[in-house]
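S.K.: Chains as they are written, first to last, in UniProt numbering: chain Z, 1 to 279; chain B, 1 to 279.
Some hints could be false.
The list that follows gives simulated cross-link-like pairs (lysine to aspartate or glutamate, EDC-like), each with its CA atoms no further than 20 Å apart [as the list claims (entries may be wrong)]:
hint, chain 1, residue 1, chain 2, residue 2
1, Z, K59, B, E195
2, Z, K39, B, D202
3, Z, K39, Z, E62
4, Z, K39, B, D234
5, B, K259, B, E269
6, B, K259, B, D69
7, B, K39, Z, D202
8, Z, K39, Z, D161
9, Z, K168, B, D234
10, Z, K87, Z, E98
11, B, K236, Z, D42
12, Z, K63, B, D69
13, B, K267, B, E195
14, B, K87, B, D110
15, B, K236, Z, D161
16, B, K63, Z, D161
17, Z, K63, B, D71
18, B, K39, Z, D234
19, B, K267, B, E221
Source of the hints: derived by calculation from the structure; they are not laboratory data. Note that the structure is a prediction, hence the values are computed from the model and not measured.
Number of protein chains: 2
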Amino acid sequence: MSSYNNNSVRLNAATKVAVFGGTHGNEMSGVTLVNLWMKNSDEIQRKGLETKPFITNPKAVEKCTRYVDTDLNRAFTAENLSALGGKDLPYEVWRAQEINKMFGPKGSPDAYDVIFDLHNTTSKDYFNLQMMNYVKVRRHPQLRLEVGPQPQGVLRSNIFDSMRMIIKHALDFIELFNEGVEFPPCTVEVFRVLERVDYPRDANGNIIAMVHPNLQDCDWEPLNPGDPMFQTFDGKTIHYQGPGTVYPTFINEAAYYEKQQAFVTTKRETLVASAVKKS
Amino acid sequence: MSSYNNNSVRLNAATKVAVFGGTHGNEMSGVTLVNLWMKNSDEIQRKGLETKPFITNPKAVEKCTRYVDTDLNRAFTAENLSALGGKDLPYEVWRAQEINKMFGPKGSPDAYDVIFDLHNTTSKDYFNLQMMNYVKVRRHPQLRLEVGPQPQGVLRSNIFDSMRMIIKHALDFIELFNEGVEFPPCTVEVFRVLERVDYPRDANGNIIAMVHPNLQDCDWEPLNPGDPMFQTFDGKTIHYQGPGTVYPTFINEAAYYEKQQAFVTTKRETLVASAVKKS
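Using the sequences and the hints given, assemble the complete structure.
M.R.: Next comes the structure, spelled out in structure tokens:
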């Protein structure tokens with residue numbers, strides 16, 4: 001029926017899928033969806049598939065903060081996962097160990113096949129839903145979905161609906177794949193991260209400039225050498241001085257002041273995905 | 001020169017003005033402006049006027065949270081201001097006492113004449129700068145400025161610039177008033193708060209619906225009986241059933257989930273302000 005049959009990458013069926021919400025406790029779309037699905041999971045069940053909704057950081061959700069002791073999203077290091085101390089550890093380190101036991105450990109036969117981790121961003125979103133992302137999911141079993149813009153602590157119906165639709169399509173895709181449907185090769189346009197750019201600061205580390213109005217909300221759009229980048233509090237413009245065009249994203253993201261990041265630069269690339277079929 | 005001279009309300013000159021930032025520690029425009037002016041206050045000084053920039057909740061600013069123990073903005077009650085315990089009190093209660101000593105007490109001869117308290121809102125903003133607000137300021141010496149939309153923890157240059165411009169004009173106005181300029185009578189269109197409306201909830205208090213997309217971002221626009229108001233997680237629309245047109249505001253505001261408020265309804269009114277002149 002198709003000419004690429006013999007070249008398809010063969011992968012095992014995915015039978016255990018988890019959907020995480022509340023990894024950052026104030027990102028409300030994932031928190032709300034997962035809470036909803038924990039009461040009634042009909043919507044996320046598919047034939048031959050077990051889908052488990054799970055709140056990863058319940059203490060942060062209760063407080064409606066990003067985290068309690070440390071960012072859970074960065075807590076899954078080998079060092080943390082092997083740390084001794086149990087409940088005396090920082091809350092998110094202990095939690096990372098528990099989650100790793102329940103859904104991993106990575107590479108073990110009991111590990112979940114795919115984990116969707118639901119996040120919101122306050123910066124302008126770009127989510128071009130392409131199911132060939134699936135290929136990436138299989139290589140890196142945890143797929144982080146960022147949908148926005150939505151302020152932290154706020155639930156917006158359009159963002160909620162988008163995230164719900166993305167999960168629906170992703171689960172439908174997995175079901176089809178498990179039934180033996182072959183997906184043809186395709187190209188995917190991606191943005192590869194180059195570097196993080198901090199806010200301009202004085203000698204004491206205080207921020208002295210804001211994202212320039214010409215750059216604010218222009219996530220994923222080209223920034224060319226000489227374009228305005230920051231505006232100092234006394235009204236001066238700082239221009240981008242890099243060697244070539246980049247595509248900034250996560251511009252002026254709420255959570256990133258403490259991480260010393262005004263935005264990240266990316267470059268556009270086209271990836272080629274092989275055809276995939278169940279082995 | 002004018003026909004209303006004899007009817008002007010006579011008020012004392014305003015010589016002591018304070019500008020507060022960080023009453024909510026994650027509302028970045030006021031925090032940043034006040035920090036800037038604490039380093040160099042030339043921009044906010046005016047002839048015959050002493051203007052003091054002040055960070056009201058430094059601990060919350062440091063943590064970039066709304067508050068530490070309790071909302072400072074609601075801490076200035078008679079009960080709190082007379083509570084014993086000093087630094088053993090909840091942080092913001094102690095802080096309210098300190099601020100009241102420094103800038104009040106209300107009605108005392110040493111009290112500041114005008115206090116501007118700089119806030120951000122995550123919902124759509126409506127700030128029709130009318131200097132006749134000054135008349136209200138004199139009756140209620142603390143004027144709360146809400147400028148947005150801006151997510152908590154984020155600094156946007158357009159919102160920063162708006163707030164800076166509002167304070168500039170307000171101080172210019174006070175300077176002119178102190179110099180004896182007479183301001184003619186005028187009308188002001190205001191929105192008077194009617195009631196707060198909570199999110200629909202189940203018997204356990206869990207939110208079961210979101211602000212309807214037709215209402216989201218429609219702050220200050222008319223909501224008529226029968227208009228969509230909420231959308232439940234299973235896709236049903238809940239309509240507004242009130243007796244007449246209202247003007248919702250603070251729609252889906254980040255800080256208001258815990259306060260059980262999806263928005264407040266207001267009605268439009270036109271107020272008449274007398275002419276004012278220095279006594």
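S.K.: Determine for every hint whether it applies to the structure shown.
M.R.: So, going through the hints one by one against the coordinates:
no. : hint            : result
1   : K59/Z x E195/B  : violated (32 Å)
2   : K39/Z x D202/B  : holds (13 Å)
3   : K39/Z x E62/Z   : holds (17 Å)
4   : K39/Z x D234/B  : holds (13 Å)
5   : K259/B x E269/B : violated (26 Å)
6   : K259/B x D69/B  : holds (15 Å)
7   : K39/B x D202/Z  : holds (13 Å)
8   : K39/Z x D161/Z  : holds (18 Å)
9   : K168/Z x D234/B : holds (14 Å)
10  : K87/Z x E98/Z   : holds (10 Å)
11  : K236/B x D42/Z  : holds (18 Å)
12  : K63/Z x D69/B   : holds (12 Å)
13  : K267/B x E195/B : holds (10 Å)
14  : K87/B x D110/B  : violated (24 Å)
15  : K236/B x D161/Z : holds (13 Å)
16  : K63/B x D161/Z  : violated (32 Å)
17  : K63/Z x D71/B   : holds (14 Å)
18  : K39/B x D234/Z  : holds (13 Å)
19  : K267/B x E221/B : holds (10 Å)
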